[in-house]
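*Asks:* Given only the sequences and the hints, what does the whole structure look like? Please build it.
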Amino acid sequence: MGEALEFFKTLLGGKFYPRPFQLEPIKYLYSGQPVVLSAPTGSGKTWAGIFPFLYAKVKNKIFADKLFYVLPLRTLTRSIFSEISEKIDELNLDLKVTIQMGEQMDDPFFEGDIIITTIDQLLSNYIGASLSTSIGQSNIPPGAYLGAYFVFDEIHAVPREAMPTILDMVRRLKDYSRFLLMTATIPTTVLDEVVERIEGEKIFVSNEQIISEKWVTCTNLTRRKLYWNDQELNVDKIIDLHMKQEGKRRTIVIINRVDKAQHFYLKIKALFKQLNLKDEIFLLHSRFLPEDRKNIEQQVIKLLGKNGNKNEHVIVIATQVIEVGVDISARVLISELAPANSLIQRSGRCARFPNETGEVYIFDLPKKANGKLDTSPYFNQDRELVYKTKEYLKELKTFKMTLHKELEMVDIIHREIDLQRIRKVPSTKAKQNVNKSLVAGEYNFIPQLVRDIPNTSLIIHDHPSNLDMELIPERFSIRTSTLRRYLDSCNDFNGKVWGYSFQEEMNESQWVKITNLDDISKYPLVCIHPDIVLYHGEIGLIFRDEIDSNIVLNDQQPYVASYILDKPRGYHRQFSYHKEKYIEHIKSVREIFNQEKKRIHIGLTYFAKEFKIPTGELEKVIEMAIAFHDVGKLNEEIVTKFWNWQKIRRGEVCQEFLAHTDYDPTNVEDFLEWKKQKRIPHAIESAYITLPMVEKKLALITDDEDLSQILTKAIFTAIARHHNSYTSSLKRDGKLHQKAKSTLVKTLTKLGFKNIELQVNDSWNRGYNFSKYFIYPSEEKGWLWYWFVVRCVRLVDQYSQFINTEKEVSKWH
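Be aware that the sequence shown starts at 1, since it is given in the working numbering, and climbs by one per residue.
Don't take each hint at face value.
[To be verified] Each computed DSS-like pair below joins lysine-lysine, with the alpha-carbon atoms no more than 27 Å apart: (1) Lys620 - Lys696; (2) Lys579 - Lys750; (3) Lys294 - Lys278; (4) Lys696 - Lys741.
I should point out that these hints are in silico values taken from the structure, not numbers from a laboratory.
All of these numbers come straight from a predicted model, not from anything done at the bench.
*Replies:* In structure tokens:
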């Protein structure tokens, strides 16, 4: 443990040794057990989570190929990303850190070594309704989950729909992956339920440990006092509490809704100008472009951070985005009423640092026309929590916020409802729901399994058809229901709202006009004309009917989306192709796999242990899937089509089988001719043609007939779906070219497959029922192996196109 202790010390800058609980997870994680860690805010959970992965990498331990650091809110990702990236550079480790979230899709296939992502991105891919790719590509990302290490941070803040899905993911993947779930404020009964569900280990940092060992930098919680106010919050009350402070005024105001926060910000800013006050004022919420929000966060941290400038008057108007992960502190924190655990997280931004004192003021919510509280965005059981929190605060009116009091508050208010939420979806039900979603591949499962307030990615542009989607236009993430509400109140949105449709098999995309608001939920990406919505770097996304656009814009030109990238990355690209012989293509993908297979070594090791099959044999099975993935292109019809294309478009007479023809989408004649062509599928044909050889190979490497059958189905499915995640049937009749078998033997011999006895299905018809050959989610071992293999096949196939067209290899990280 001495080496681990010293390494952890380097993570902390070489000045401090880790606290005991920070080292405790590795003894369980390294033995394959899931862990739940409960420790207060500020105690050092982040590095406790990251340490096992980095230490394993440095010491070459069999632990994980990659790390997923999963957060409940997008706002946390950038600060965590910066913190980890700086440490990786400092330690000179060859690890790539990436971000993947709705408004910053830097790594949709999860190719980084350390991926900072959100619960929505991770779980949407887990259930087959990917928010990071098209549905057709949705079988690529989850293959990265096998052999990975997952740190779920702030699990108390995940959507209630997500928790059963997280627990199902741990249950399903724990033999092939490693898991650490971390929390600060969660009732003990819920904590115990989670541990029992995942059959994991619990590490609970007790009050006694915290107090006696003085672990937490902010644990002298008696410095912070809470006051309940039964009136609705308004600008006058904010100004009064802000101006009352002696010395430097440092205030954070947290509002439950973005539009209300924007109104308050504009009014307070105008009032400060009128009074000639020089106080710095900032607005922070979820509807900023990443660069603008980053700049605002940096300015706020510069003034309210641990080492910030204490000589300025500051007021920050924010929403829930500031609840967790933002390391700032104010003397006065003002908040609207919210569920107890949210209020405790918010109050953590007050008197956060040593030797500070602070006051927390909680105000009641406005009433709706029916006399009930407007609890938005808290609905259903969250609304119940709001009411229970109000009753608790009304009774006490004011109290010192000790750690004991905070835990008591959460336990009293949340215990019953939070436990009901988990038990409402038992393990068997969660498993069934996930399986249904994986079979269907539809976005409408997201509200049930990830978040019941689904978000839509939003682009602002007047002519979306002119956008180059490969360059990734700037986008915002907004609740679908909020978007619908704004558009419903809009005088005229016809012809000014579009949904993005991408057809995987045809490699075609188009923007479809939305005339019925019910159709918005069908598109994960929507474009809106700047006549309806505008953007300002200081205020964020604004719907014109909500705020006087003249106040916001002044002389500023209406905003339209810019591009995030300066060149395409190839996720949805329409490739340029160069003529490539079939044998050369298969050789190329095999070489790429051999170069990159070290990046899946640990995942392969876990499968080998579970299947009781040597790692080398499983590696050969993947190589076989890669070698067989394009055999369907030796189909008579495709061979003829490729040869005719080369003759018509390039004046060449071909006699060898081709994997790709020449094609330049920027060449008008090429493009128009290509549009006339009917696509001839080949993926499921490849799987059927080579099925006898796959069956024979699997029967040779395991004596377990059931396992052999399951793994065969997984390989069949991986080959059949290497172009579309939901391919299920043949589209046309066909047969192999008369010279295909000799070419196939020649190809396999060149790849090093010895003593080949060629067995193929050399013809097929579209009426054939292939359902018995496919693997299904209920066959869990086989399904996970399918995920693992199809990811390999699809990525090396894509990378081969980069090589063939751009003469460079895109790394698997």
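*Asks:* All hints are to be evaluated individually against the structure, with a verdict given for each.
*Replies:* Evaluation of the provided hints:
For a cut-off of 27 Å, the pair hint linking Lys620 to Lys696 stands: about 13 Å separates their Cα positions. Proximity of Lys579 to Lys750 is assessed by CA-CA distance (about 20 Å); at most 27 Å being required, the pair is judged to hold. About 23 Å separates the Cα atoms of Lys294 and Lys278, which keeps this hinted pair within 27 Å; it holds. The hinted pair formed by Lys696 and Lys741 meets the criterion: a straight-line CA distance of about 18 Å does not exceed 27 Å.
The structure shown violates none of the earlier numbered hints.
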